[in-house]
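Asks: These protein sequence lines are chains A and B, in that order.
My numbering puts the first residue of the first sequence at 1235, with every later residue one more than the last.
My numbering puts the first residue of the second sequence at 1465, with every later residue one more than the last.
Note that these hints are calculated values from the structure, not bench results.
The C-beta atom is built at its ideal place from N, Cα and C for all residues, glycine as well.
One thing to keep in mind: the hints can contain errors.
Some chain A residues well away from chain B (every beta-carbon gap over 12 Å; in silico) [stated by the list, open to error]:
| no. | residue |
| --- | --- |
| 1 | I1318 |
| 2 | P1357 |
| 3 | R1415 |
| 4 | T1433 |
| 5 | R1446 |
| 6 | A1462 |
| 7 | R1483 |
| 8 | I1524 |
Pairs of lysine-lysine residues, derived as BS3-like cross-links and limited to a Cα-Cα distance of at most 30 Å, are as follows [stated by the list, open to error]:
| no. | chain 1 | residue 1 | chain 2 | residue 2 |
| --- | --- | --- | --- | --- |
| 9 | A | K1473 | A | K1395 |
| 10 | A | K1258 | A | K1307 |
| 11 | B | K1494 | A | K1395 |
| 12 | B | K1690 | A | K1395 |
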Amino acid sequence: MIMERFDFLVRSCKLADTLIDVQKLTPSIGAEIFGVDLGAEISARQFQAIHQALLDHQVIFFRDQKMSVDQQKAFVRQFGELHIHPGPRFPIDGHPEILGIWADENSKRVSGEEWHSDVSCEPKPAMASMLYIHEVPKNDGGDTLFASMYAAFEALSDPFKRFLSGLTALHTGAAAYGGGRSPIAATNIPSAEHPVIRTHPETGRQALYVNRYFTSHIAQLSRSESNAVLEYLYGHAEKVEFQCRFKWRANSVAFWDNRCVQHKVIWDYFPYRRNGHRITVSGDRPFHQI
Amino acid sequence: MSIPSIDVRKLTPTIGAEIFGVDIGHGVSKGQYDEIRQALLDNLVIFFRDQDMTLDQHKAFGRLFGKLHIHPEPAFPVAGHPEVITIKADENSMRVAGEVWHSDVSCDAEPPMGSILHIHNVPENGGGDTLFANMYAAYEGLSETMQSFVGGLSAMHDGNAAYRDKPAVPDPDKVYPRAEHPIVRTHPETGRKALFVNRYFTEGIVGLSVEESNALLEILYRHIEKPEWQCRFKWQPNSVAFWDNRCAQHNAIWDYFPQRRFGYRVALCGEKPV
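So that you can see chain A by itself, here it is in the shape it has in the complex (with noise of 0.2 Å):
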């Protein structure tokens, strides 16, 4: 009883000195944060309040946000430099950096349906990203599926671990771009060799990095035995687990970590609209270090 009331007096603290509210959705991931207003001003110490916060959840949720697009693009750089996304299908004129999220009664695909981090095909892939949704679906679709890349490498057993720990992977944007399903030119599509088990620079976790949009084989292996170890790997990954499942309501925001963290959008709600503006956070290129 006595350290319950400890316990809430620290809690209480914390509050009062972090400035913000963290409620965790998932062990694994996920925590909304309250009483931040990401369109104002913040602090220092509530920008640290929730860096820390993204990167202890991973993927942080804001509720009834409101922000003008230089507003959003204002608190994405206190991150980092802002990311130019290689083949926006739905560019926002004069702001190159907002990525515009678009699905109607006219769309014939949407993007992120596959499990991914986003353009991973990159050398250096982007760092975070913030979506912003103006509008949800009339049905209640559109939810957000968030997965712990950290805790899919920790579930591996330490055998596994230590094989993939030595190999890379070959990403390439062909599948998400190609084919005309982006104004990317062919010649153009990014590709890169990534390390398959990631050392995050912040927290110096392991996070497992290969996704089915972006990769296409480990270097290391045959064909056939990349493709086996893949498979596997994608749904060791996809457990829910290691999951939590946002529902977006007009005005949330969600900023994710792409570094430990892969995401999938699901599209249940097909002739209904849903639109937002997504801002990414330019990255390093990934490294594994033991």
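Could you slot chain B onto chain A? The hints should help.
Replies: Same frame as chain A, now just chain B:
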């Protein structure tokens, strides 16, 4: 240069040879013995045609190569010959032994090093072939990365699944052999490395989760079963196959029901895989 006393004709570049010029049931000379042994090491499975031999002669030929192995669960024991197992299938068979790729009795702590099968009757429809696969080639066909990964692992082999429901009256208290063996086995005579997991007996890889183990074993099984490292032997009455379980797997095809196939097998004791 000594003149070879037997005639060895390869079936494929990778595995299998037919041996001519020797009557294995009726005395094998020292020179012939040496050449047969070498042919076995070189080709992993060797075949002899038109061999007429009694059970005693079959056993005597086997004993030239080592002590005879007693099978833990013979489906059809032969009275007075505990070292011999009957291989038979006919119109009453619900199943046949060895329809899955395997290395004989790999669930034993010391699995038999080789097996000698003498087929007396072949099915009339031309079926009943046996496939043999070269586990050196399978190992060598893996990428270096995969070789070193599996080279550090071992697997549990269990006779339970293979033998439990085999007797007409299953004995619930019977304990079947169970053993842990390295996935990559070094052949004690040739020094070459061979894959040593099989669908029939291998239960799981030690130290991996069940799912990882299933995934990795499936990769290895599919790899092992590539036709590139196989030969397919068509039996005639009195054909004999002699295979090395340390580096070969085999798969008996049951494509002849309700017809009859019949023969006898002896196996040679082996050592603990390393």
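Asks: All the hints need checking, so say for each whether the structure fits it.
Replies: Right, here's what the structure says about each hint:
1. I1318: 36 Å, holds
2. P1357: The claim holds: P1357 of chain A sits with its nearest Cβ about 23 Å from chain B, beyond 12 Å.
3. R1415: 30 Å, holds
4. T1433: Given that every Cβ of chain B is farther than 12 Å from that of T1433 of chain A, nearest at about 20 Å, it holds.
5. R1446: Consistent with the label, R1446 of chain A stays out of reach of chain B, its closest Cβ about 16 Å off (over 12 Å).
6. A1462: 4 Å, violated
7. R1483: At roughly 37 Å from the nearest Cβ of chain B, R1483 of chain A sits farther out than 12 Å, so the non-interface label holds.
8. I1524: Its Cβ never comes within 12 Å of chain B, the nearest being 17 Å, so this holds.
9. A:K1473 / A:K1395: 17 Å, holds
10. A:K1258 / A:K1307: 26 Å, holds
11. B:K1494 / A:K1395: Roughly 52 Å separates the two Cα atoms, so the pair is violated.
12. B:K1690 / A:K1395: Cα-Cα ~28 Å, so holds.
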